[in-house]
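There are 2 protein chains.
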Amino acid sequence: MKIAVDAMGGDYAPGVVIEGLSLTVQEYPDYDFVLVGHEAKVRFYLEKYGLADNPHISIFHAESVCEMSDPSAIALRGKKDSSITACAKLLKEGKVDAMVTPGHTGATVAATKVLLRTLPGVDRPALAANMPSQPGRFLLMDAGANPDCTALNLEQFAVMGEIYAQYLFKKERPTVGLLSVGGEDIKGCDLTKEAFKRLEKLPINFVGNVEADTIFEGVADVLISDGFAGNVLLKGAEGLAKSTFVWLKRVLKKNTLRYVWAMLAANVFRELKAFGDADNVGGAPLLGINGICIIGHGSSNPKAVLNAIRVAAECVNFRLNEKIVAGIKAANEANAQRAAE
Amino acid sequence: MKIAVDAMGGDYAPGVVIEGLSLTVQEYPDYDFVLVGHEAKVRFYLEKYGLADNPHISIFHAESVCEMSDPSAIALRGKKDSSITACAKLLKEGKVDAMVTPGHTGATVAATKVLLRTLPGVDRPALAANMPSQPGRFLLMDAGANPDCTALNLEQFAVMGEIYAQYLFKKERPTVGLLSVGGEDIKGCDLTKEAFKRLEKLPINFVGNVEADTIFEGVADVLISDGFAGNVLLKGAEGLAKSTFVWLKRVLKKNTLRYVWAMLAANVFRELKAFGDADNVGGAPLLGINGICIIGHGSSNPKAVLNAIRVAAECVNFRLNEKIVAGIKAANEANAQRAAE
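If you read the protein sequences in the order shown, they are chains A and B.
The opening position of the first sequence corresponds to residue 1 in my numbering, with each subsequent residue numbered one higher.
The opening position of the second sequence corresponds to residue 1 in my numbering, with each subsequent residue numbered one higher.
Take the hints with a grain of salt, since some may be wrong.
Restricting the straight-line Cα-Cα distance to at most 25 Å, the calculated cross-link-like pairs of lysine-lysine (PhoX-like) are [stated by the list, open to error]:
#1 A:K249 / B:K249
#2 A:K254 / B:K273
#3 B:K273 / A:K242
#4 B:K323 / B:K95
#5 B:K171 / B:K201
#6 B:K113 / A:K193
#7 A:K2 / A:K41
If you are wondering where the hints come from, they were derived from the structure by calculation, not from laboratory data.
Work out the full structure: start from the sequences and follow the hints.
Structure below.
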């Protein structure tokens, strides 16, 4: 197992990434890692975390970085020597089995689409975000790779999502729902109404339209959406969770008694926070790309980096992409047959 | 002031609606109310809440009810005698100044569009939801009236939203943001990219693209969106808030000490809950309809009914629709002038 890790990705790179790698080599001592980024900076942190002589770690120099503020297209065109582009090239050339970046989602989607292309039969890749629900977790896809989608894209997301959810949730027939604005079949926007008809015909466990409130009650294992609404759901949940803790602090600071009480209960709040903690998940696979690519949160901490690398290794071991190619082939053939009839 | 109240709307009608009216008549003893719904049922609850002899309350019989599970179009076409349709007719005929329904959003939008039409120059109405942010509140529109929108619709939402926010937040120049998937100007989907160009040209305090996480930090007073993504944000926030309390209960029930501790802190959780409490807002105006129409949450409690009626009266007193007509006229003229140049 050899994984390219974008050392320059995320808000606290490269320090956090290499600290995360120091956790990873303890858990996966046999894996090999290519740290992609500015060599001098990477070397400094490898020394700092005692990894300078680790035979499983090599450095691949990349001159530039896609800053979080760079527009995706410009990041790709203008920064051909960026760490993200270099990761994608290593993956394309077969020099690594997977890539992990806690960086710029848009630039990663753009770079992997151009360099690696999508898997045979897949039109668009989708970011599969692992989110919390009351009974467990659900997979939201697309969480933001494609702001504009067609009904066919959504159909393919459903096929890919079912396959990944089978592995992730250890369920043979995970439930698949379509994000919409009403529970009834006929509700939705033009896109979801069209997608509904396609999802109905797939040999998946389709549970119909799902609203953004009930998904948190666990009504589906996989939630299919275009990347715009999906990103709104993901980011909205992040923003509200943060605000909830701000509001909680505000009511707790109203008097001294409450403040003392809150101090005593720090564990309660820590456990509550853990339900929504993206760092426990680590990263979202970009499903449908011809290569295993895991995108972590820009604010990833070392634990998140470790978890993102774990997700990458799991996808490789599961032979995820072979299964996706087979699933998409079957779906496309069924569509062609229906069109011919 | 005379307001039509859909007595049959919402999950707990007509009891909750009439209980809410009993609160309202105490606060607004001079207002007149037309309770629209099944006469015998309405009369039963008027007796129950001691309102049977109130000279300010009359009943308008409506035979049927739009159930929450009825599809909007069918609710409208198949139930011409529904309480929602009857409210819209009373409003159209000038027999009331405003209507309030804690009921079926889709059916209300459909009925008011057909019977009342939109205000001159307005293409589509938008549901303006008042939502919590860390520093205060923001107005989300469209929160779900139009699953599919054009860039022109979004432009008009911005014009209407600014006007309502001026009143609601007592700000002369409320900030207006565009819900998108990236903070940078060039990010978004086809619709938001097109809408961005239109919003830039409006004489409003436009702050550009806003992501679904930062809106909760209070980066804009008004958030413009199509009704699909807007509804996903609204419902997603509702769902996550509910789940957060479920998760909180779960960590609090882990041991007896925590449980006792939580009992002592019931006030804290009540205050926390109040931040997101839709009942304090009561209802969302359907802006752009030729008549004041307030739509409450289906699960409205009596306090929410009172607050929704208050919102209706405020919109009437503010002469909201006259201001919207003037604002839209100016925007449309500016567009025509630009097109001619």
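Problem - Numbers of the earlier hints that this structure fails to satisfy, in rising order - result: none
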